[in-house]
Amino acid sequence: MIEDSSVVIRFAGDSGDGMQVAGDRFTNSSAIFGNDLSTFPDFPAEIRAPAGTLPGVSAFQVHISDHDIVTPGDAPDVLVAMNPAALRANLGLLRPGATLIVNSDAFDERNLAKAGYSENPLEGDLRDRFQLFEVPMTTLTIEATKPTGAKPRDAERSKNFFALGLISWMYSRPLGTTLEWIESKFKAKPALVQVNSLAFKAGVNFGETAELFGSPHSVKPAKLPKGKYTSVTGNTALAWGLVAASKLANTPMLLGSYPITPASDILHELSKHKNFGIATIQAEDEIAGIGTAIGAAFGGHIGVTTTSGPGMDLKSEAMGLAVNLELPLIIIDIQRGGPSTGLPTKSEQSDLLMALYGRHGESPVPVIAASSPSDCFNCAIEAVRIAVTCRTPVILLSDGYLANGSEPWLLPQVDSIPAIKVEYASGHNGTDANGEPIFLPYLRDEETLARPWAPPGVPGLEHRIGGLEKENETGNVSYDPANHELMVRLRAEKVERLARDIPPIEVNDPDEASALVLGWGSTYGAITAAVRRLRAQGRSVAQAHLRHLNPFPADLGKVLGNYEKVVIPEMNLGQLSKLIRAEYLVDAIGINQVNGQPFKVHALESAIEPHL
Amino acid sequence: MIEDSSVVIRFAGDSGDGMQVAGDRFTNSSAIFGNDLSTFPDFPAEIRAPAGTLPGVSAFQVHISDHDIVTPGDAPDVLVAMNPAALRANLGLLRPGATLIVNSDAFDERNLAKAGYSENPLEGDLRDRFQLFEVPMTTLTIEATKPTGAKPRDAERSKNFFALGLISWMYSRPLGTTLEWIESKFKAKPALVQVNSLAFKAGVNFGETAELFGSPHSVKPAKLPKGKYTSVTGNTALAWGLVAASKLANTPMLLGSYPITPASDILHELSKHKNFGIATIQAEDEIAGIGTAIGAAFGGHIGVTTTSGPGMDLKSEAMGLAVNLELPLIIIDIQRGGPSTGLPTKSEQSDLLMALYGRHGESPVPVIAASSPSDCFNCAIEAVRIAVTCRTPVILLSDGYLANGSEPWLLPQVDSIPAIKVEYASGHNGTDANGEPIFLPYLRDEETLARPWAPPGVPGLEHRIGGLEKENETGNVSYDPANHELMVRLRAEKVERLARDIPPIEVNDPDEASALVLGWGSTYGAITAAVRRLRAQGRSVAQAHLRHLNPFPADLGKVLGNYEKVVIPEMNLGQLSKLIRAEYLVDAIGINQVNGQPFKVHALESAIEPHL
Amino acid sequence: MTDLLAPPTTRKDWTSDQEVRWCPGCGDYSILAAVQMLLPDLGVRRENTVFVSGIGCAARFPYYMNTYGMHSIHGRAPAIATGLAVSRPDLDVWVVSGDGDALSIGGNHLIHALRRNVNITILLFNNQIYGLTKGQYSPTSESGKITKSTPFGSLETPFNPVSLALGAECTFVARTHDMDRKHMMEMFRRAHEHQGASLVEIYQNCNVFNDGAFEDILAKDARADNLISLEHGQPIKFGADSQLCVAHDGNGGVRIANSVDVEDAEVIVHDEKAQNPALAFALSRLASGPHTPTPIGVFRSVEMPEYGSQVQAQIDHAKSQKGSGDLEALLSSGPTWTVE
Amino acid sequence: MTDLLAPPTTRKDWTSDQEVRWCPGCGDYSILAAVQMLLPDLGVRRENTVFVSGIGCAARFPYYMNTYGMHSIHGRAPAIATGLAVSRPDLDVWVVSGDGDALSIGGNHLIHALRRNVNITILLFNNQIYGLTKGQYSPTSESGKITKSTPFGSLETPFNPVSLALGAECTFVARTHDMDRKHMMEMFRRAHEHQGASLVEIYQNCNVFNDGAFEDILAKDARADNLISLEHGQPIKFGADSQLCVAHDGNGGVRIANSVDVEDAEVIVHDEKAQNPALAFALSRLASGPHTPTPIGVFRSVEMPEYGSQVQAQIDHAKSQKGSGDLEALLSSGPTWTVE
Ligand SMILES: Cc1ncc(C[n+]2csc(CCOP(=O)(O)OP(=O)(O)O)c2C)c(N)n1
Ligand SMILES: Cc1ncc(C[n+]2csc(CCOP(=O)(O)OP(=O)(O)O)c2C)c(N)n1
Ligand code: SF4
Ligand code: SF4
Ligand SMILES: [Mg+2]
Ligand SMILES: [Mg+2]
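Residue numbers (this note's numbering), protein chains in the order written: chain B, 466 to 1077; chain A, 466 to 1077; chain D, 270 to 609; chain F, 270 to 609.
Some hints here could point you the wrong way.
[Said to hold, decoys possible] The calculated DSS-like cross-link candidates involving lysine-lysine, where the alpha carbons are at most 30 Å apart (straight line), are:
{"no.": "1", "chain 1": "A", "residue 1": "Lys652", "chain 2": "A", "residue 2": "Lys688"}
{"no.": "2", "chain 1": "A", "residue 1": "Lys685", "chain 2": "A", "residue 2": "Lys654"}
{"no.": "3", "chain 1": "D", "residue 1": "Lys506", "chain 2": "A", "residue 2": "Lys737"}
{"no.": "4", "chain 1": "F", "residue 1": "Lys403", "chain 2": "B", "residue 2": "Lys652"}
{"no.": "5", "chain 1": "A", "residue 1": "Lys650", "chain 2": "D", "residue 2": "Lys591"}
{"no.": "6", "chain 1": "F", "residue 1": "Lys506", "chain 2": "F", "residue 2": "Lys489"}
{"no.": "7", "chain 1": "B", "residue 1": "Lys1023", "chain 2": "A", "residue 2": "Lys1030"}
{"no.": "8", "chain 1": "A", "residue 1": "Lys652", "chain 2": "F", "residue 2": "Lys489"}
{"no.": "9", "chain 1": "D", "residue 1": "Lys591", "chain 2": "B", "residue 2": "Lys654"}
{"no.": "10", "chain 1": "B", "residue 1": "Lys652", "chain 2": "D", "residue 2": "Lys588"}
{"no.": "11", "chain 1": "F", "residue 1": "Lys591", "chain 2": "D", "residue 2": "Lys414"}
{"no.": "12", "chain 1": "A", "residue 1": "Lys688", "chain 2": "A", "residue 2": "Lys1030"}
{"no.": "13", "chain 1": "D", "residue 1": "Lys506", "chain 2": "F", "residue 2": "Lys542"}
{"no.": "14", "chain 1": "B", "residue 1": "Lys650", "chain 2": "F", "residue 2": "Lys489"}
{"no.": "15", "chain 1": "B", "residue 1": "Lys650", "chain 2": "D", "residue 2": "Lys506"}
{"no.": "16", "chain 1": "D", "residue 1": "Lys588", "chain 2": "B", "residue 2": "Lys737"}
{"no.": "17", "chain 1": "B", "residue 1": "Lys654", "chain 2": "B", "residue 2": "Lys685"}
{"no.": "18", "chain 1": "B", "residue 1": "Lys650", "chain 2": "B", "residue 2": "Lys666"}
{"no.": "19", "chain 1": "D", "residue 1": "Lys403", "chain 2": "B", "residue 2": "Lys886"}
{"no.": "20", "chain 1": "D", "residue 1": "Lys414", "chain 2": "B", "residue 2": "Lys650"}
{"no.": "21", "chain 1": "D", "residue 1": "Lys542", "chain 2": "F", "residue 2": "Lys414"}
{"no.": "22", "chain 1": "A", "residue 1": "Lys737", "chain 2": "A", "residue 2": "Lys616"}
{"no.": "23", "chain 1": "B", "residue 1": "Lys650", "chain 2": "F", "residue 2": "Lys506"}
{"no.": "24", "chain 1": "F", "residue 1": "Lys489", "chain 2": "B", "residue 2": "Lys616"}
{"no.": "25", "chain 1": "F", "residue 1": "Lys591", "chain 2": "D", "residue 2": "Lys403"}
{"no.": "26", "chain 1": "D", "residue 1": "Lys414", "chain 2": "A", "residue 2": "Lys652"}
{"no.": "27", "chain 1": "F", "residue 1": "Lys451", "chain 2": "F", "residue 2": "Lys542"}
{"no.": "28", "chain 1": "B", "residue 1": "Lys737", "chain 2": "D", "residue 2": "Lys506"}
[What the hints assert, rightly or not] A few chain F positions that, by computed beta-carbon distances, are all more than 10 Å from chain D:
{"no.": "29", "residue": "Asn377"}
{"no.": "30", "residue": "Arg384"}
{"no.": "31", "residue": "Ser498"}
{"no.": "32", "residue": "Asp518"}
{"no.": "33", "residue": "Arg554"}
{"no.": "34", "residue": "Leu596"}
Hints were generated in silico from the structure; no laboratory data involved.
The structure presented is a predicted model; accordingly, all values stated were derived computationally and were not measured.
Using N, Cα and C, we set each Cβ at its ideal position, and we do this for glycine too.
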């Protein structure tokens, strides 16, 4: 048994080859085994490309470790390539000397041509550069599943389980988890249980008996904090966070949404949980999605809408309405590569400025961003909390990388999450000129400046609201210049006051560094890893990560003032940098990458280094 | 004859009282007489309020002068108030001792109550504070028009012309212009010509004979540059600028637009000029408005869309598409009070950040802003020029104040405006792997980085474009990370390079001041007037005004560096300030007003003063 | 929803304290009056009544109603009302919209709200013009209309809102006009009773920008011969002396005929409850604009499952199957493991 | 537009160099083939042909055509195509859209393009599902459909695209399906010939997310009895032995009947050219989904003024009246004065 402290494995094949399943299952048994881990599913564009071509390649990368890790790894140690296209698309990522396992059956002329190889790369110098193993996976799978009587064309489909079996053997994964999963997943189709199990076992056995691979490796369980864990993707965590928030607020939720990559899964997940009192509407478009959510919010429910960039554009007018109505509303943007349709399955952080300024008029909205898959859970609750307390739309930013990536998640104590206090207006709160009691829908809480939330149904509180400027307190339409100025400033102030409730920034700065690396959103893992590496080399560097992008934490200016240099890595052209520069007049140094991919740790490391 | 060097007159009445016509006619004869002037029509909200109430008051303010002026004036010297509501709504604006002319017939109990007066203000202390003239305009108008046989209810409607006549006498306006206008305007209804002319003359005669008013005043013609003048509102100038641009580019234009206040008049004006080859489509909504414009741009025409804030929100997704398509497109935003429906007839500069950042993804677009009604003409041409040269959507910002305000405009020499060069792709521009000539739709001009504009119709240039990321040069869909990064940066660079063609900033700084007042858009007049007043008091202050908001002029950083203080007045919460701070790390001082009204010169003056 | 315990109300109870801000003479006044006079009859409560509108003259309606209300953004009222009606089935949700608001910018939300059959009552004030923005043509303006935006005449074929609604699977469609308060009240009552989406087109005169648009059929002396009043189960006859009728044309269609020329068996019997909307559609095509005999009344009224109650039923069913959600169980529903 | 001088082309000329990226077995392939095989017949030029699409699997279509093309944004293709067709009447403008693209997010642009009667040919690939986003229900999905976003079944009544188009004043409406290349080609040819907006609904199988949606009527052995082929001027009969027919129902509607039970005079004679769309609408209601006998063919084809040419006519008229614009005169068209 060779002990590794961590390993990065990448499963790659055609979109139809089941690589996401293989990666997911490997992740799962590793999680249950007790490793720390981080995953990165790397999809092709939404539509299927012709089988065997480069655009059709789908990959799943997983990093498992016996210690705390934060990214799916830069350069795979092991690549499983199910066909020439998968090899070609991923070869460049590997570390020198990596293990390369290919399905040799797929390296026929047709597939080589489709991948654009004029010669068979297996016959080239690959063997010198990597540990190359050619395994006829298709043949072996068909062979192994013969006893079931499956037709070769059908049996062949299980070759992902063969590959999984082989890798499971190679890294000494417990086999039971996978076999049980196969059993339960294909319950309805017993033939598939048989075929897939046999293929999986054949993969294990092949590793065991082929005497090709030397000793199996092992990656010990990580020393993680005690407790019960699960493994979640960001989108699932986000959906669960919304369910939790509805429960914590003891208020029904309505999601109005229109499908769009990579946000659709939140709709899918939430629509399963109707027993929590959650209604989901697949609306006719994004405008109707937010429209229905606003309607629900007016009705006293928690209105939520989920989307990605192009949908955010479309929702902007209705967001402005919600700003004026001063109703709670949760708007979730799973950022993807832009502009326009852009790169729907890729990841980017390029919607930050839009979140802040993407509406006409002075239209301030709190903005928060999740930093890891499991943090999506917390942020969903935080978004609902802000919205409900402050009676305001809130934008929550996630991105494609968080949405589909997963990590082990120490389950929170449900009881220990503070409840979300929902208070509806219940009676008159003012008097008219004649001293008669009346309801003032825009009378504000002195502390938060929030107006009353007064859903229909209460006699005496009837009132009308709308997108025209309103008189403060009465809420009546008002064209009065001074009132408009007042309302513009009150709406801005209401959002700014939220800073009072934001906890001080946690700066990780063990050795009083002179440079601070400041991040937000999904770059948390990569930045943390880069900072660790730099420190491991004896460099001192401080790190802080923002959850709140609007307003900023109250102490941010002070914190920034403590450092000579502020370095801001972002997957955009410098959007947080722009905000920081404008707000604090700090000459922030941007590290900017906009290629649809998460940062590589080593690239980040070398980009930060010169500033230390 | 009392000679005044300038006077500010405000006509105010009910929406149905024809005050806009009276103001407009007064403006007109003053213009033709040779005064410099500036106007400010101050509408109520779009919908008619009940007659006689405060929300129904409509006013028109005009400033005429014997010297160069830049604003419609802060505090009227003369107020014509046709009813109690008009008096009440406008009294606060007057300078002490101003002339106050009221239609005493309208001060009956009903109207007083509607205006919220419990006592008749004419019986109060008004007479002490102002030069009050009570004129029974309704009665006098009915009386004067009796010979025509008009029914009193109809005759009464001409009382605006009576008021106009009176003021025309008071300020010694030439009468012919107005009478001719009445003649031609009501050509189709001779009865109206008679009634209105008689009412107008009655007003003049009343002034002449009533021995109430003392001597008439005169405001001499201003010494303006020689040439032919007209008087235009910003919206008309903008429409004409678009017509001119189409002509200068020798390319047909298509406007796709959905009506919205205060932009609709551009649609109205352009739809009159079909003989210039301009097609106008009233689309089903704002998205279709920009959609049809994009379709026309793809077809090689100049595609334009016009709107105001809420419509801008809706257009943002399609703007992103145009950014990706790299097609010329002109997007015009006549800003109004926001957020949401806000104050549709009021003015604000609060869409600047949205213009820059109101789309998902990195989606850079050049932004320019007009600074006066007639400057709208130039800016429209400039917008088309940039769009066509650079193959990019361009946003042109105007606002409600410019849109409806007017000023004398020295007509440009049409021949001297440089032509706009439109070049369509005409043949192959590259070769494929086999050396065959091909068309590369995203091969860029080395200088401008613009791609070819290749409308359908040319054999051999067939190509497909879309909103997905494209490979540079070939334009084929590409998910390649490095290509995406390249394209994101190329699109940004293309816009940045425009700075090369922007002329250096004109700083008006006669005495090497230490503070610079920097403005953009419609505040030009108010800032200029405030600066003049400060200088008149011996203060030194520099002034510069930006037409280009993205990119900024190349020398802006250097210019800012020359001053100890940079003061930025804006009708928003500090949007240009934010951009300047972020870009140049200059601690810009904002003077911010968001009340739907243009700056008052004196307010601006006192806000600037402490910083000198 | 009719509420048996609702305290009796009068028109005044339904009138808000806001001054009505339409032009004098506008048809909107009589529609407002009809609604305010109807509501006391319906046995409903103010606090359970909501008016949602978009933008336009018509869309100011909610301000004048002493109920809950939202004056939202242009064209989006059906979507907002859908969210409200689905989450709060205890409320009566009315949508007030204009021909521009509902059929131009809001066309998509309208047709989807209709097919979704969500329990909202949509009043479409059709004045064939954009009133609020001062007189551009609308999707219901006749072709060739000269307006500010079409100085040489508009070019499109107008929508027939009844036809469009029927094409969009609307389960309740009616038409009325602003000159007949009783008829309006009856149509609004019927629409309100309907479980699901109901659309009432109201011919409404904009006396400022499109005066007399409906003169041809609504002038006092024109009505008898130009309004075809639809009554369920009745042969469709009209004219002062029922001298006109709607008859079948022998090839699956209908036509207007002189009663004397047609046998009684050939006169169409109106069937608003027909599941198939074809007859209602055919009736909607009798006139191509409000200039020739035009049907008013209920075109279609069929019972189909209502959206909001089905959403609720799915929630209730899920609760009864799985119990009302257990958060801890949810978080543990995937693979879990314990680190000790 | 047919161009008499157009050089002859073959299918290959219309095929771009981009690899086709639909799932193997997808119905989109046969539609693509039908179009690529039809165009050489039409005598049109590649350089004058443009395909505009929105987003969706169907919307990838333009990439595969060796013509000008734009893969635009979700739902907006009809609007973009309108701008192109109006400004460039010399071009053939095709729109390719899916049921989600055209009827969900793009519903409003669709119905307005139809009523506007702008000269575009719209191919609506109806697979009753969202393909590209991996299987949510669409506005044409049958009620009760279980998909990723409706694990307990969808609740809405689907749109019938033909009914909706007719309700929206569409001048040319046809239906075809991906299993019959000849019929597709004929429908596309007819749609292309039509001056004005034409809509062809194509039943298209999405074998990955909604396989077999049209099995009931399109399975080889089901077609004869389940496809009602509409032919102008012909009595509507169908079935292997013409044993079935569409007959009038005596109250202004139509019904399916056994031919033996019905006199010949009672069989509906199809009239696609009827100005009144009521018959076409009634035919569109014979089936409420592709499960019972369903008409295919041209429902309606009437001549009405085309939008783009009218826009051009107004421009030409203005030019002939006022001369092509004189800028100096325009700038001086208001009051002017001279300072000397
Ligand atoms: C997004 C947006 N676009 C445009 C407008 C401007 N606008 C307000 S109402 C209206 C049309 C009103 O017409 P209609 O719905 O027929 O109502 P009416 O005024 O005739 O009652 C328009 C175009 C707006 N407020 N918001
Ligand atoms: C504004 C916007 N919203 C959502 C999406 C995501 N999206 C892409 S295609 C599609 C639906 C596709 O369905 P359909 O039009 O039926 O086409 P098909 O894939 O079935 O051919 C959706 C929701 C998008 N690209 N843009
Ligand atoms: S503009 Fe027309 S619709 Fe609007 S309030 Fe006036 S009369 Fe009524
Ligand atoms: S998902 Fe369906 S519609 Fe899309 S390409 Fe695949 S089979 Fe065709
Ligand atoms: Mg209207
Ligand atoms: Mg589809």
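Here is how each hint holds up against the structure:
no. : hint                     : result
1   : A/Lys652 with A/Lys688   : violated, 35 Å
2   : A/Lys685 with A/Lys654   : violated, 35 Å
3   : D/Lys506 with A/Lys737   : violated, 47 Å
4   : F/Lys403 with B/Lys652   : holds, 23 Å
5   : A/Lys650 with D/Lys591   : violated, 76 Å
6   : F/Lys506 with F/Lys489   : holds, 19 Å
7   : B/Lys1023 with A/Lys1030 : holds, 24 Å
8   : A/Lys652 with F/Lys489   : violated, 74 Å
9   : D/Lys591 with B/Lys654   : holds, 25 Å
10  : B/Lys652 with D/Lys588   : holds, 25 Å
11  : F/Lys591 with D/Lys414   : holds, 21 Å
12  : A/Lys688 with A/Lys1030  : violated, 35 Å
13  : D/Lys506 with F/Lys542   : holds, 28 Å
14  : B/Lys650 with F/Lys489   : violated, 35 Å
15  : B/Lys650 with D/Lys506   : violated, 65 Å
16  : D/Lys588 with B/Lys737   : holds, 12 Å
17  : B/Lys654 with B/Lys685   : violated, 35 Å
18  : B/Lys650 with B/Lys666   : holds, 17 Å
19  : D/Lys403 with B/Lys886   : violated, 46 Å
20  : D/Lys414 with B/Lys650   : violated, 64 Å
21  : D/Lys542 with F/Lys414   : holds, 26 Å
22  : A/Lys737 with A/Lys616   : violated, 35 Å
23  : B/Lys650 with F/Lys506   : violated, 49 Å
24  : F/Lys489 with B/Lys616   : holds, 26 Å
25  : F/Lys591 with D/Lys403   : holds, 28 Å
26  : D/Lys414 with A/Lys652   : holds, 23 Å
27  : F/Lys451 with F/Lys542   : holds, 22 Å
28  : B/Lys737 with D/Lys506   : violated, 53 Å
29  : Asn377                   : violated, 4 Å
30  : Arg384                   : violated, 5 Å
31  : Ser498                   : holds, 17 Å
32  : Asp518                   : violated, 8 Å
33  : Arg554                   : violated, 5 Å
34  : Leu596                   : holds, 19 Å
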